[in-house]
Amino acid sequence: MATERILGHHGLMTDPVLAEIMGALEMPPEGLKQWFSHLEDFCRKHGGDRTYSDLLKLIAECQQECKTTHEP
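For what it's worth, my numbering labels the leading residue of the sequence shown as 236, then goes sequentially.
Some hints here could point you the wrong way.
Claimed, not checked - No farther apart than 25 Å at their CA atoms in a straight line, the calculated lysine-lysine pairs in the DSS-like style are these:
1. LYS292 / LYS268
2. LYS292 / LYS280
3. LYS268 / LYS280
4. LYS292 / LYS302
5. LYS302 / LYS268
These are computed hints drawn from the structure, not numbers from a lab.
Being a predicted model, the structure only gives us computed values, none of them experimental.
All chains should be modelled from the sequences, with the hints used to inform the complete structure.
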């Protein structure tokens with residue numbers, strides 16, 4: 236599924252839909268980063284790309300979105 240990308244903070248690409256969804260989680264930026272890190276660790280320990288390929292791609296997008304929207 237292709238998502239529309241727009242120019243975000245500091246000239247980085249951002250996904251407006253993903254940013255909106257992550258905002259709806261109402262978690263502080265550090266909490267989101269830690270949560271996605273834990274999810275990634277779990278996936279890697281329990282089958283990795285072979286089992287969780289799509290989820291790992293989504294987690295990577297979310298981690299990038301955290302960097303794009305929450306880092307100076």
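Hints numbered earlier in the text: which of these fail when held up against the supplied structure? none
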